[in-house]
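**Student:** Everything in the sequence shown is counted per our numbering, starting at 9 for the first residue and increasing by one.
Keep in mind that the hints were calculated from the coordinates and are not lab data. Quick caveat: nothing in here was measured; it's all calculated off a predicted structure. Warning: the hint list may mix true and false statements.
What the hints assert, rightly or not - In silico BS3-like pairs for lysine-lysine, Cα to Cα no more than 27 Å straight-line: (1) K134 / K124; (2) K174 / K138; (3) K138 / K111; (4) K124 / K138; (5) K33 / K12; (6) K246 / K231; (7) K174 / K134.
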Amino acid sequence: MKSKHVAVLLGGFSSERPVSLSSGKACADALETEGYQVTRVDVSRDVGSVLAELKPDVAFNALHGPFGEDGTIQGILEYLAIPYTHSGVLASALAMNKEQAKKIARSVGIPVAESKVVNRFAIQNKHPMKPPYVVKPVNEGSSFGVVIVHEGQSHPSQVIGSSDWKYGDTVMVERYVHGRELTCAVMGDVALGVCEIIPTGHSFYDYDSKYVAGGSKHECPAKISPNIYQKIQTLTLKAHQAIGCRGVSRSDFRYDDRHSENGEIVWLEINTQPGMTPTSLVPEIAAQSGHSFGDLLSWMVEDASCLR
Numbered sequence: 009m010k011s012k013h014v015a016v017l018l019g020g021f022s023s024e025r026p027v028s029l030s031s032g033k034a035c036a037d038a039l040e041t042e043g044y045q046v047t048r049v050d051v052s053r054d055v056g057s058v059l060a061e062l063k064p065d066v067a068f069n070a071l072h073g074p075f076g077e078d079g080t081i082q083g084i085l086e087y088l089a090i091p092y093t094h095s096g097v098l099a100s101a102l103a104m105n106k107e108q109a110k111k112i113a114r115s116v117g118i119p120v121a122e123s124k125v126v127n128r129f130a131i132q133n134k135h136p137m138k139p140p141y142v143v144k145p146v147n148e149g150s151s152f153g154v155v156i157v158h159e160g161q162s163h164p165s166q167v168i169g170s171s172d173w174k175y176g177d178t179v180m181v182e183r184y185v186h187g188r189e190l191t192c193a194v195m196g197d198v199a200l201g202v203c204e205i206i207p208t209g210h211s212f213y214d215y216d217s218k219y220v221a222g223g224s225k226h227e228c229p230a231k232i233s234p235n236i237y238q239k240i241q242t243l244t245l246k247a248h249q250a251i252g253c254r255g256v257s258r259s260d261f262r263y264d265d266r267h268s269e270n271g272e273i274v275w276l277e278i279n280t281q282p283g284m285t286p287t288s289l290v291p292e293i294a295a296q297s298g299h300s301f302g303d304l305l306s307w308m309v310e311d312a313s314c315l316r
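Turn these sequences into a full structure, and let the hints steer you where they fit.
**Tutor:** Written as structure tokens, this is what we have:
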């Protein structure tokens, strides 16, 4: 029923606001083209009263970062009984906390890298593990605050303990995994294609690689052996289901094939609110699997519900 009134939630007040504005605009424009009645809602602290007055049939969640993908907005939508897209309260909260998500993934046999959660001030002057390793905020997305500590560095990067750091005091320190960056999306209960991300001019898939045109090259489908391709799909669907995700999600991996074709596959994280910008991966993966952008978004709207 294309006459549904869809409120596209975008913007917000996390550090990922610019990404959300871009995702939200792309989604709102495409949903209008598909025939839906669309209202764009730039989310602020009064979003509950705004939505209560608006009374949309569905909320399309195009928010990114804290508040938008950590279970908070999902709880507001449950309270208002407005059907919404993507994952529910618990899965969103678990997936947003990288360490909790890894614990669940490890419990169902998904390979993850050794890591520990520490206070950032505790690692200002001494290595928490043997380099190379990665320092990540526990509850951020879009590679915000990711610092790679390379072999040979005498101490962690000073930015981690500085006043410029704005990603919270709790960080995850994770063994750096060499290799290729692979990602795979889930749509409902089906794992779609596997894509390789090749950053151009960047040492890893950072913010600019993700959102600046030309920042990365996407190889869809990834040029890997059929058994590795299928294994990535299997692990992606397993993570989606173990964490309790709904709708669309995307899992990221490292694949180290430097020494053998089978190599080492390591699951990094799951994203319950994948970007929907012009350079985003999920629309590209979906298209490669036969779903146009409009078809993908229509499916998400029709899949929307409460109690997710």
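**Student:** Sort out which numbered hints this structure fails and list those numbers smallest first.
**Tutor:** When the structure is compared with the hints, none of them turns out to be violated.
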